[in-house]
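Given chain A, put chain B in place with the hints provided.
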Amino acid sequence: MTTPPLIVRNANQLHVRRLPAWAPPVLTVLAAVAGYVLVKAADIGGLALSVVIAVLLFLVGVYTAATLIEGRRRAKNRVATTLIWSAFVLALLPLVSVAWTLVSKGWAKFNPYFWQHSMNAIGPRDDAGGAYHAIVGTLEQAGIATIITVPLGVAGAIYIVEYGRGFLANAIRFFVDVMTGIPSIVAGLFILAFWVYFVTKYFNARGEPEKSGFAAALALTILMLPTVVRSSEEMLRLVPTALREGSYALGVAKWKTIMRIVLPTAAPGIVTGVMLAVARACGETAPVLLVAGGNNAINTNPFEGQQSSLSYFVFEQAQVSTKFAPPRAWAAALTLVVLVLILTIAAKLLARRNKLAR
Amino acid sequence: MSLETRETTSVGIPGGGGALPRKRRFGAETLFRGTTTAAGTVVLVIIVAIAVFLIAKAVPAIRADGSNFLTEKNWFTGDTPPKFGVAAIAVGTVQTAVIALLMAVPVSMGIALFLSHYAPKALANVLGFMIDLLAAVPSVVFGLWGRDSFAGPVRDLSGWLHHYFRWIPIFGSDGPYGKSVMLGSIVLAIMMLPIITSLTREVFLQTPTANEEAALALGATKWEMVRTAVFPFGRPGIIAAVMLGLGRALGETIALALTLGGTYTIALDILGPGGNTVAANIANHFGEATDMGVGALIASGLVLFAITLVVNLIARAIIYRRREFVGGSA
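Here the protein sequences line up with chains A and B, keeping their order. All residue numbers for the first sequence refer to my numbering, where the first residue is 23 and numbers rise by one. All residue numbers for the second sequence refer to my numbering, where the first residue is 29 and numbers rise by one.
The shape of chain A in the complex, shown without the other chains (with noise of 0.2 Å):
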């Protein structure tokens, strides 16, 4: 009796051929001095070259190996996988580079003493100065936008999510997305148009047009109104229906429920979504380059006279060419950064405990 080929009869044959695992070690090995030796004797380039070559002969030699040992598919997964690594890598070297150099040239001003003074009477030659009117301004204009961003953002999103039916709504939840693209200096020159140059005429004495912080912040409450409104708008619509049809049914009005019930719900994410909209909101530089216009000088008044921020700090340091203005700038930055990534870390730990999201 013959037996039919189909049956297995030891576990060798279910075996799949595999490239052994001391293959792609190897292969790298290899791959690497050849792309030195290769680069060094052709002489066309240095070390970055030598890895660049490197990795495509590891990809060549790799889908080689594989496609005669495993087949086709196989080695395409393996090269697919080399280069998912590799993207990282290749990304993960500029942002290091960024975070490193930001800290190391940071480093040297770092200091209370760079917090706590103004460049009011700094003069080229000295080495002084420091932040605070900047810190000063940031935290104004930040504080205000928010401040009118905030009612208006959530007010928002309670029509596009309890009331909203019909043109209205539908175009309202488009032009919100469609707002979020506003690029920060548009924002800027639109604010410059209007209310520089048309409003403040008529509020001082003298009738001109006027720079201030608070011109800023109504720049950056344009950046954070359509982020706010669409973080709001998610954190409301995961408030369970049944929350709000209980309170219906024990006879409360809409709009008390609204207040009572569906808004203290969502408010752990409502506030993360602020969060996030003020971190990316401080950093910005086109708005107060544009209607804030800048002041060596502390000017803790909002409303009246030119206000600087951290960002614009940096941005009119990087382009003083003295010695000692490029460490004031990455000082500056560092602490911009700082104070953006305390905002940003908070945000996302709170939104770690917020029970909707997860």
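The set of hints was computed from the structure by calculation and includes no laboratory data. Since we're looking at a predicted model, the values are computed, not measured. For glycine and all other residues, C-beta sits at the position ideal for the given N, C-alpha and C. One or more of the hints may lead you astray.
As the list claims (entries may be wrong) - According to the in silico footprint, chain A covers these stretches of chain B (three or more CB under 8 Å from chain A):
id, region
1, 132–140
2, 272–282
3, 327–338
Showing chain B alone in chain A's frame:
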């Protein structure tokens, strides 16, 4: 307590089926509803106001322009009559943004896939968090880094590319290499990486596990699973992420003001000193601008507004059209 004795919420006899409360015309409900509607409408008002005020300021400047605003390349707002136009800076804006996206999109999709499907879970969580943090780093920081630290390596790379590939028109310039389209667009690409990555990662993570497991159960390799389950599901989300990235790239100001050459030329070459964008031009020339100059800059801002508006409208239209098929993954 029996049903009969319970107080009802309606006006009328307790326990009886009295009439519902009269709907008041100007009660708290109407007020609340009206307020929220007004707040929602503010968005529409702002968009219209942006267009109106920019046009109002731009028209006199364009009228006074001694040459054609759309075809003139130079930016001489101080001359009499002033001669300026957006040809060079508008082309530069699109050129820089497109080159940056060509570099950023494949790499960020790679990272997003790495974070969603390849990296060990613990590592992916930490790295995903870091990527989100990097997306929050202000652009002025990237600009400063690009100009002070990254210009060196790019100068070497430019020299190398020109030496070996000068027959390709985009690598035609023989220097001096400094601020260039190359430097600006690489910096821009690096800035886009975290943004596009975090958007696409979200999309990839939403792929239904059932689809992925089905692909694997049919014997697909991991890459085949990604191609047959993850990509098709995430396509609208990826398109949306790319378009949003493009919108950001077109409007990017400070990083490019610090890393582009700021010339008014249209050239294929990306290595030589040059490159400019509408936004960078505004940032660089606003400080010294006269009334005429400010009007001209606002006019160029109007062009930028129009370009980004069109890109965003297309992106949104794609998302809205596709949303119903994939259940709002975008």
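Self-check item: Violations among the numbered hints, reported as their numbers in ascending order
Solution: none
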